[in-house]
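Undergrad: I would like the entire structure built from these sequences, with the hints used as guidance.
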Amino acid sequence: MLFKRKISAVHVPHCKATQDMHSEIVAPPESVTLPMSMHSGVPAVPVVSVGDHVYLGQLIAKEGEGRVSSPIHASVSGTVSAVSEKSVSIKSDGKMEKDPEMKAPKLETLDDFLDGCRRSGIVGLGGAAYPLHGKWEALRKNKIETILINGAECEPYCTADNRTMVEDAEHIKQGIEILKRFAGSKEYVIGIEENKPEAIAHLTEVFKDDPAVIVKPLKSVYPQGAKQVLLWNATGKVVAAGQRLASLGVIITNVTTLAKMARFFETGMPLVDKCISVDGSAVKNPKNIIVPIGTSMEYCFEQCGGFKTQPGRVLDGGPMMGRAVASLDEPVVKATSALVAMDLKDSVVIEPTACLHCGKCVEACPLNLNPVEFARALDIDDEDEREAILKKEDVAQCMECGCCAYVCPAHRPLVANNRAGKKFMRGRRK
Amino acid sequence: MEHYDLITVSSPHFHDNSSSRGIMLDVILALLPAVGASIYIFGIKALWLILTCVASCVASEWIFDLCTKKKETIGDLSAVVTGVLLALNLGTEVSLYEAVIGSVFAIVFVKCIFGGLGKNFANPAITARVFMLIAFGSVTSFVNPQLRTVEIASSATPLANLASHSLDVLSSGVLPPIKDMLFGFHGGTIGETCIIALVIGWIYLSAKKVIKWYVPASFIATVYVLFLVATGSPLFALYEILSGGLFLGAIFMATDYVTTPITVKGKVVFCVCCGVITFIIRRFCSLPEGVSFSILIMNILTPFIEKLTHNVPLGGSNNGK
Chain A
1 MLFKRKISAV HVPHCKATQD MHSEIVAPPE SVTLPMSMHS GVPAVPVVSV GDHVYLGQLI
61 AKEGEGRVSS PIHASVSGTV SAVSEKSVSI KSDGKMEKDP EMKAPKLETL DDFLDGCRRS
121 GIVGLGGAAY PLHGKWEALR KNKIETILIN GAECEPYCTA DNRTMVEDAE HIKQGIEILK
181 RFAGSKEYVI GIEENKPEAI AHLTEVFKDD PAVIVKPLKS VYPQGAKQVL LWNATGKVVA
241 AGQRLASLGV IITNVTTLAK MARFFETGMP LVDKCISVDG SAVKNPKNII VPIGTSMEYC
301 FEQCGGFKTQ PGRVLDGGPM MGRAVASLDE PVVKATSALV AMDLKDSVVI EPTACLHCGK
361 CVEACPLNLN PVEFARALDI DDEDEREAIL KKEDVAQCME CGCCAYVCPA HRPLVANNRA
421 GKKFMRGRRK
Chain P
1 MEHYDLITVS SPHFHDNSSS RGIMLDVILA LLPAVGASIY IFGIKALWLI LTCVASCVAS
61 EWIFDLCTKK KETIGDLSAV VTGVLLALNL GTEVSLYEAV IGSVFAIVFV KCIFGGLGKN
121 FANPAITARV FMLIAFGSVT SFVNPQLRTV EIASSATPLA NLASHSLDVL SSGVLPPIKD
181 MLFGFHGGTI GETCIIALVI GWIYLSAKKV IKWYVPASFI ATVYVLFLVA TGSPLFALYE
241 ILSGGLFLGA IFMATDYVTT PITVKGKVVF CVCCGVITFI IRRFCSLPEG VSFSILIMNI
301 LTPFIEKLTH NVPLGGSNNG K
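Order-wise, the sequence lines are chains A and P. Numbering-wise, the first sequence is residues 1 to 430 according to our numbering. Numbering-wise, the second sequence is residues 1 to 321 according to our numbering.
Worth flagging that the hints you see were computed from the coordinates, not collected in a lab. For glycine and all other residues, C-beta sits at the position ideal for the given N, C-alpha and C. Check the hints yourself; a few may be wrong.
Stretch by stretch, here's where chain P covers chain A in the computed footprint (C-beta under 8 Å, at least three residues) [what the hints assert, rightly or not]:
| no. | region |
| --- | --- |
| 1 | 228 to 240 |
| 2 | 354 to 363 |
Derived CB-CB ranges, DEER-like [to be verified]:
| no. | chain 1 | residue 1 | chain 2 | residue 2 | range |
| --- | --- | --- | --- | --- | --- |
| 3 | P | E72 | A | K91 | 52 to 62 Å |
| 4 | P | G75 | A | K392 | 31 to 41 Å |
| 5 | P | L235 | A | K391 | 50 to 60 Å |
| 6 | P | E72 | A | A416 | 22 to 32 Å |
| 7 | P | C67 | A | R376 | 19 to 29 Å |
| 8 | A | A17 | P | K119 | 42 to 52 Å |
| 9 | P | L29 | A | T309 | 27 to 37 Å |
| 10 | P | P234 | A | A17 | 53 to 63 Å |
| 11 | A | D329 | P | E72 | 40 to 50 Å |
| 12 | P | T8 | A | K284 | 19 to 29 Å |
TA: Now the structure itself:
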């Protein structure tokens, strides 16, 4: 294409010190706490009671009724110690004993595949945490020509997807074989940022005899792994607001999600653990560790030598989109890909100054949105007018990637504004 | 493990470490070559003018903040930028007290009463210059730095000589050679004459990504092309762009963040329109100089250009509407 539109991006520091560190399975924690709402959609409903013995991988919460939900499984073996609508806690017996009835699920028809996806408890591990079956349900209606396997991993500090590609290519391969049977797509594109040469080389080697699989190196810019950005850079397509990606004949799945899916169909083991990168300026020995879901963040940091200095901010996720947590008691959830602890110096919150109207946020936005207009709209008291502007400016499209706030010289809280705008619009729709 | 007080703020948790103050500092650094050139060419009076303007700009902002009980804002250095720019837009015949009045006008009446930095709709330095142009006759009297004699505008500056629109002026010998035009040895405001110093600032600002190089270029190119078409003489058009405040205005004032459109597209449209207005004023109006007026007029039209050059969100719901 001669006039190929270039999507704006920012250059963030990669901070991928853990990139070449082999993932380590750590000793199971004494207890885990599994929130009932760690996926997008309706919360799961506990099916166990206090005192019940559970095996690793046993169902402890079934799908909630409603639009879309995901079941939750015991991530350690032991005794259920607390149950509420919000979460289930399990005291570990330290044995990590597998459910003896666990077996590979039947996989003959599309129904088997979708049912398996549903029962696996797997959600989109790239961050959206959308239940897996909800995504592949589209196979019933749409012909999917291209499946994009997202190994971009553009967030600083995050290297878990890289470890999946380097250490677990076998499951990626199996996953693609399953998709070939049930999606029958023409091409399977694995998009990987150029800053992961080992993963690119390894997967190129693994798939060298498979013409349907394309390993596509992508420029290492942020947010290369975002849906709209990856879609454009890999296929030249654009998904419009309100349109489903599948209607374009494309589905995007995260590389670790795919490997976990293959593991489930191979062994029957649902999503119970997660490789996470534990890093940041306050962490003593940054590492990639495989921990049971529900493990407290504190335990994860302890496994990495604890803190070398006092942490000021601890993030569930990377520094661009991660959520700053209030307490280290919070558990690792299904979509956690990294835990980042920033030291006090890096954690200082800089006072915002007046907007200069410089346009750097507008220029940085991958989706061409105008954060300045959002902020202006939020100051309008008349709610109808505010809604009209926010609708015109398409605030709902914002994916909160953080590019705008990253470049803002006035340190304005632009992402927080955008989020407030989106929340306001959701409220108006009701 | 002990308890930690964790900060819970919205993502992102990284920043590129830019700041408004840093940008203003870059602009000041970019202006230094022009400041140096102005003192070299026009003598010590230029230095006094610059110091007076900077001091009175900063002081008036400080006093304004104090009177209105606002948080002190002089630390963002924008008042310094305004002061330097205003001084560079004045000739050596302007008295220091006139410079003080202009500075106070720029800061208080153009910037602060609208709510301070980021809220003003017009560029303070440009507006103050236009105000002084009307208020004080001295603003249109220029010294020829080589002759060191005061002359009246209508016969001193190259721009005034060009105002005859006759190509004869090129061969009549009243215009300085191109070399002097580039180095700035001719009459004009203290900061506008040395094109080379201004271009160094332009390169610096572009390299530091404070401005896009093609934004000022679109202003200058528009003026050049229009004069080329109107006169048919590349040399005449060249003299047109090298004289007057075109480079100073295009590089440092038509790129002011606050008073120009927010999108890059909008900034280019803004500058092209400035070029057209400058051409019209220089060619068809009795005023010899049009750059200040063109920028001021376009400042006022900025919201309108923003509407016209609004970005279309990628995959937005309003596409095609």
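Undergrad: What hint numbers does the structure not satisfy?
TA: none
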